[in-house]
Amino acid sequence: MNKAGFSGKPQNSSNDFGDDIPVAVRDTPVAAPKIWLQPRIILIGGVTGFVLLSLISGLWFFMTAPKKTADSQPLPATSTPATTAASNNSSDTVLGHFPYPEAPESELVTISANRGIRMRKTAAQKFEEMVAAARSSGIILVPISGFRSVKDQEQLFFAVGAQRNQTPAERAALSAPPGHSEHHTGYAVDVGDGSVPATNLQTNFDNTKAYRWLQANAARFGFEMSFPKDNAQGVSYEPWHWRFVGDRNSLEMFYKARNLKPAKISQ
Numbered sequence: 008m009n010k011a012g013f014s015g016k017p018q019n020s021s022n023d024f025g026d027d028i029p030v031a032v033r034d035t036p037v038a039a040p041k042i043w044l045q046p047r048i049i050l051i052g053g054v055t056g057f058v059l060l061s062l063i064s065g066l067w068f069f070m071t072a073p074k075k076t077a078d079s080q081p082l083p084a085t086s087t088p089a090t091t092a093a094s095n096n097s098s099d100t101v102l103g104h105f106p107y108p109e110a111p112e113s114e115l116v117t118i119s120a121n122r123g124i125r126m127r128k129t130a131a132q133k134f135e136e137m138v139a140a141a142r143s144s145g146i147i148l149v150p151i152s153g154f155r156s157v158k159d160q161e162q163l164f165f166a167v168g169a170q171r172n173q174t175p176a177e178r179a180a181l182s183a184p185p186g187h188s189e190h191h192t193g194y195a196v197d198v199g200d201g202s203v204p205a206t207n208l209q210t211n212f213d214n215t216k217a218y219r220w221l222q223a224n225a226a227r228f229g230f231e232m233s234f235p236k237d238n239a240q241g242v243s244y245e246p247w248h249w250r251f252v253g254d255r256n257s258l259e260m261f262y263k264a265r266n267l268k269p270a271k272i273s274q
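Per my numbering, residue 8 is the first one in the sequence shown, and the count goes up by one each step.
Quick caveat, the hints were computed from the structure, so don't treat them as lab data.
One or more hints might be untrue.
Derived SDA-like pairs: lysine to any residue, alpha-carbon spacing no greater than 20 angstroms straight-line [said to hold, decoys possible]:
| no. | residue 1 | residue 2 |
| --- | --- | --- |
| 1 | Lys216 | Gln240 |
| 2 | Lys216 | Ala239 |
| 3 | Lys128 | Asp197 |
| 4 | Lys216 | Pro111 |
| 5 | Lys128 | Ser202 |
| 6 | Lys236 | Ile146 |
| 7 | Lys158 | Lys236 |
| 8 | Lys158 | His187 |
| 9 | Lys128 | Phe261 |
| 10 | Lys128 | Ser144 |
| 11 | Lys216 | Lys158 |
| 12 | Lys216 | Asn238 |
| 13 | Lys158 | Gln132 |
| 14 | Lys236 | Asp254 |
| 15 | Lys216 | Pro204 |
| 16 | Lys236 | Glu259 |
| 17 | Lys216 | Leu102 |
| 18 | Lys128 | Val138 |
| 19 | Lys128 | Lys236 |
| 20 | Lys216 | Ser144 |
| 21 | Lys158 | Phe228 |
| 22 | Lys216 | Asp197 |
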């Protein structure tokens, strides 16, 4: 006979403990490992994404950056106008003549007392040595003109040009404009043959013994002809006009003129 409030099932059976755990909890794996793995997955994913983004950015920079070729040259920090003697242009000339400074009075000495012809000391010494060497060979070298001031050149260029009805370009082929004569430097000298003075300052001076001797020996004394035939400056042929280039100062003075290249003529 059952008492009221009691069922017919035994109360303390060990098999009934499992019925106190909800079914959903019994059938699902433990949730704690999931909570631990989530941050690690996010961290790994972030690192992987960053690496991929870096690789893509590097590849894009490599593909778009300008390539340096073997012919590429670094640009200079500053650029200078083409001036230099190496440029071989005549942009700083006037009617084909380069500018030259006047020699200081203190540097000038007389080479022909009766005509008042002067040259710079070093050039004068070498010229006198050259005259003596020529005389020992029976050749008479006569100085016709040496140092000329800018003022002297003005008279020679403008006044004589007006007398001869010459344009500045025509005059410049025969005489340099003021400030542009090699005679200003004290290193230039016009030479004649004392045996045939009729050839002085004439192109037929190149038929004289004096000219032939100069051609063979002038370089030994530091002299060279300034305006040979077809010279790059476009100045008329002057076989009588010689300049001294036998020391550092004179060589630097005439460097541009000596290295001027003939202009190319387009066909």
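Hint by hint, here is what the structure shows:
no.: 1; hint: Lys216 <-> Gln240; in the structure: violated (27 angstroms)
no.: 2; hint: Lys216 <-> Ala239; in the structure: violated (27 angstroms)
no.: 3; hint: Lys128 <-> Asp197; in the structure: holds (17 angstroms)
no.: 4; hint: Lys216 <-> Pro111; in the structure: violated (34 angstroms)
no.: 5; hint: Lys128 <-> Ser202; in the structure: violated (27 angstroms)
no.: 6; hint: Lys236 <-> Ile146; in the structure: violated (24 angstroms)
no.: 7; hint: Lys158 <-> Lys236; in the structure: violated (29 angstroms)
no.: 8; hint: Lys158 <-> His187; in the structure: holds (12 angstroms)
no.: 9; hint: Lys128 <-> Phe261; in the structure: holds (17 angstroms)
no.: 10; hint: Lys128 <-> Ser144; in the structure: violated (25 angstroms)
no.: 11; hint: Lys216 <-> Lys158; in the structure: violated (34 angstroms)
no.: 12; hint: Lys216 <-> Asn238; in the structure: violated (23 angstroms)
no.: 13; hint: Lys158 <-> Gln132; in the structure: violated (26 angstroms)
no.: 14; hint: Lys236 <-> Asp254; in the structure: violated (25 angstroms)
no.: 15; hint: Lys216 <-> Pro204; in the structure: holds (12 angstroms)
no.: 16; hint: Lys236 <-> Glu259; in the structure: violated (23 angstroms)
no.: 17; hint: Lys216 <-> Leu102; in the structure: violated (32 angstroms)
no.: 18; hint: Lys128 <-> Val138; in the structure: holds (15 angstroms)
no.: 19; hint: Lys128 <-> Lys236; in the structure: violated (29 angstroms)
no.: 20; hint: Lys216 <-> Ser144; in the structure: holds (10 angstroms)
no.: 21; hint: Lys158 <-> Phe228; in the structure: violated (30 angstroms)
no.: 22; hint: Lys216 <-> Asp197; in the structure: holds (16 angstroms)
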